[in-house]
Amino acid sequence: MLSYIGRRLLIAIPTLIIVSIFVFSLQKILPGDPVLAMAGEDRNPETLEYLREKYRLNDPVIHQYFYWIGGALQGDLGISLRTNQPVTQLIAAKLPVTIQLAIMSMIFAFAIGIPMGILSAVKKGTVLDYVANIVALSGLSIPNFWLGIMLILLVSVNLGWLPASGYEPFFRDPIRSLETMIMPAFVLGTALAATLMRHTRSAMLGVLQADYVRTARAKGLSEKAVILKHTFRNAVLPIVTLSALLFGELLAGAVLTEQIFTIPGFGKLIVDAVFNRDYAVVQGVVLCTAIGFILMNLVADVLYVLLNPRMRQAL
Amino acid sequence: MTVIPETGAETLGRQESRAWKKLKSNKIAIFGFAMVMFFIVIAVLAPVLPIADPNATSWTAIRQPPSAAHWLGTDEIGRDIFSRMIWGAQASLLAGVVSVAIAVTLGVPFGLISGYFGGWTDQIIQRMTDALLAMPFLILAIALAAFLGPSLTNAMIAIGLSAMPIFIRLTRGQVLAVKTEDYVEGARAIGLSHGKIIRRYILPNVFPPILVQATLTVATAIIAEASLSFLGLGQQPPSPSWGSMLNTAKNFLSQAPWMALWPGIAIFMVVIGFNLLGDGLRDALDPREN
Amino acid sequence: MTLKRLMATLLASAALTGSAMAVDLRIGLQEDPDVLDPDQSRTFVGRIVYTSLCDKLVDITPDLEYVPQLATEWSWSEDGRQLTMQLREGATFHDGTPFNAEAVVANIDRSQNLPESRRQSELASVTGVEATGEYEVVFTLEAPDATLLAQLSDRAGMMISPTAAEEAGLDFGNNPVCSGPYQFVERVQQDRIVLEKFADYWNADNYHFDRVTYLPIPDTTVRLANLQAGDLDMLERLAPSDAPAVQQDESLIYEDIVGLGYQGITVNIDNGPNGDNPFGNEAKLRQAFSLAIDRNAINEVVFQGTASPGNQHVPPSSPWYVQDFPVPERDVEAARALLEEAGVDRMAVEAQVPNNPVQQQMMQMVQAMVAEAGFDLSLKATEFASMLSAQTAGDYQLSQVGWSGRTDPDGNIHQFVTCEGGINDSKYCNEEVDRLLNAARETNEMEERKALYAEAQAILNEDLPIIYLYHPSWIWALDNTIEGFVAYPDGMIRLENVTMAE
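Protein chains in written order, with the numbering used here: chain A, -11 to 303; chain B, 710 to 999; chain C, 24 to 525.
Hint data in this document are derived by calculation from the structure and do not stem from the laboratory.
There is no bait here: all hints are sound.
Below 27 angstroms or equal to it, Euclidean Cα-Cα: the simulated DSS-like pairs (lysine-lysine) are:
no.: 1; chain 1: A; residue 1: K111; chain 2: B; residue 2: K730
no.: 2; chain 1: A; residue 1: K111; chain 2: A; residue 2: K207
no.: 3; chain 1: A; residue 1: K217; chain 2: A; residue 2: K112
no.: 4; chain 1: B; residue 1: K905; chain 2: B; residue 2: K731
no.: 5; chain 1: B; residue 1: K730; chain 2: A; residue 2: K112
no.: 6; chain 1: A; residue 1: K112; chain 2: B; residue 2: K731
no.: 7; chain 1: B; residue 1: K730; chain 2: B; residue 2: K905
no.: 8; chain 1: A; residue 1: K112; chain 2: A; residue 2: K212
no.: 9; chain 1: B; residue 1: K736; chain 2: A; residue 2: K111
no.: 10; chain 1: A; residue 1: K111; chain 2: A; residue 2: K217
no.: 11; chain 1: A; residue 1: K16; chain 2: A; residue 2: K42
no.: 12; chain 1: B; residue 1: K733; chain 2: A; residue 2: K111
no.: 13; chain 1: A; residue 1: K217; chain 2: A; residue 2: K207
no.: 14; chain 1: A; residue 1: K207; chain 2: A; residue 2: K112
no.: 15; chain 1: C; residue 1: K307; chain 2: C; residue 2: K450
no.: 16; chain 1: B; residue 1: K736; chain 2: A; residue 2: K112
no.: 17; chain 1: A; residue 1: K212; chain 2: A; residue 2: K111
no.: 18; chain 1: A; residue 1: K112; chain 2: B; residue 2: K733
no.: 19; chain 1: C; residue 1: K473; chain 2: C; residue 2: K450
no.: 20; chain 1: B; residue 1: K731; chain 2: A; residue 2: K111
For reference, chain A alone in the conformation it holds in the complex (with noise of 0.2 angstroms):
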């Protein structure tokens, strides 16, 4: 198992450097110049052209690739054009709230979304199945905007319960934080549950079908043992490869989600920094997703295995 782990880790090499040649070459494909797009109202063509050769943009992609390479793996990632900060501080600044946020959500998803899939699966074709499957899918189709909106202005203006937006870290004010990141983290939770609870809810219908569960019925086994440890043991595949992917459908929720309250997250890093064409920022922010999809498809596998143990040969 080890060294299945190091082998993953080794071929996650040639993924970042796929990403990062995906991401150059971008560069040259998207409409719009890194420099003009900062210039702002003034645009001095001779101050232009001074920084186009300063942050070595006339070079060819080819050489600007290579020198960012050189950089990375010193862990060097270079400057925000926009702000002048090194972008491996912006990040390290950005990732714990964008943590804390999916955690949060991934809390709200998990609490809502498994145990209303496993009721609706038990429970299938009855009222309480209509309204798990209801309420899960609104969860869905309300766009996170609205919700959003929604809340701040009940909770935040009209009973004044929680602040309306805005940002504390967790070790500076636990409390604090908790209460700004309430409302952003059930915005974002609610879709990701309905698409947990859907997922679980197929999964365990498929489950309660197989002949196994049959068999633990015909022998007596009480309901809940033979739903929680025969059924949902084995419904838990596909919700384990879902969860891997909804950190994917979490990241760009935070993006919209972040907006709204105003979290100084990874989402409005990235959206800034693709709007501004600052680069640097964007490859730095596009290598650390694609680690974190790289950690978080590991595990799931590594998780298959060990809920399937006779998939090991399959990896």
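Add chains B and C to chain A, keeping to what the hints say.
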């Protein structure tokens, strides 16, 4: 399904007709189907329905609440929301369905190959998927908007491509789980071809999560179309789509809440319809259920 | 930020929050400012922060008169080529460096010669600055430049500590040291910028907050919700659609003023092959397009009447507005007649529109209006960076753009329509216009300048390289405990004499 040879055709054919019967007897699924059809019919008939011009503006009737003259109210430049909803159905359904179809037709085969054959094929496909997942949707969208120009088709391609990885992964996960089952090992031992094993044993197990995911992605795709039209891809003004109507409504949530309400409800209904239909299909296709 | 500084900052902030008397002001901004270095920065929103952080040589009144700030008085030489300024005695920078003539010389030198400086073109007319006394400087100009004072009342005239600038170099923006009423404490990107009162400020008695926090909150609804929930004390750029609600809310104060900028449609006249089409070549078509637009309706529908309909580079309320050319009433008949004269029945035109909902709403109105006159206008939503590069490359036909506005009228027109103008994306070129606008730069006599602008306007009004639509207002919403706020047409937030009731 004409390419399926010999016995496979027979069994699959029988399975199909049985599935069809099961689906027809499932009232909930039929209800879902009816909901989806309702919106499709509306979308198709929009040009011939006796409704107001969806692009006709009226400066004296902006952001009016629902009334006898405007059943669903008017928008920020005085257009009739009711007819914009009907005309918008077309763009939104296309964005939802076609992009999901793109994602499924590309994603499922890749996932099958990746999971079934394993080894280097698997590694290559999976690493490419990682790379694709890590690419921000925004960048892809801006690049496509610049190169292909603004059109609904391009928006559907962009959404489809970005939704593809999830289908690759889900398929692969299911394949991995099934391929170690005794009956698959057995089938391989007696020398069945890969094609047959995949069709007969693997695909039926792949379907349920894919169906679920596809019906869910319809919703995300409809909403995503709006953010794309905002970046110069997708439906361009003044033509309506539910997504872009929602997007505009965002600025008037406190002054004109109905502007967000109608497209929101419509998307919800379509999603419910597709999900109910998907549930029915799932039950009908499940070989173990009877 | 070094660890030592960080500790000092933390201690200072702990001390501040500890005292019960501390009065904090929280201001909601629409965007996150860029780098906080007056020489390198380029965003409008950054200037709002500078207003409290960095004093300038001169300031303006709401009526756009120049008043002393770090310079106490000034005079022009007979030939208009020398500007002598007396400087304020007793002003210091936040790091204790004294403010004097040497500091001014160092600052102008940095603005002109730092390769990264965005201020170079603003100070292009200045050939030298000399310290003629401890508190006196003389600017020497290549040619008379009526716009210099305006530049010195903005970022080019902001004085930063020469000591800190020397030490920090390009990283100055990460810890800016100026001489304004408030000094820099900390900045969290996209989250907040915190300033605290500078005790040694020369006018400290008139500044009543101990701490000012700027919070960028891009969503207008959320920004307003924060104000209503009491998490903000004031906000800038309220959405016009929220104006009626704020005006009716007794717990809030509404303030607005027509700004110095404009919004309009730039036409590609001669910028590459895309300018070579009937719309770019035939002025009559542009006149028809302009006549087909109901500017008042746009103002009422999109801006709730808060904006000012316009047809020139300055708003009708400006002393520089040429009254001979009033804002045209919509006249579809006349527009159709012009199309006929040009031998066109219907024509298709394409405009790029920034991807923000307000501009899109506005342009959809224009789309519907010009359709009645015979223009099939298609709108292409484009995000800012793509739009800008398309515009400079001439890869557009029409482009809906705006300008945040400058104190001196020259800043709103010269660089846009003169043949060699730095931002002339239309590539409109008319020698007579060049001559008139250059002449208007070279005299300080207002009446003379007005006459020159009127002549130029007569030509531009016919040629229409830019079809002006309206002048947006700056709108602020404040908590009703805030007193003494004065709206300035430059959109800045000046905190002098602003107080918060207990």
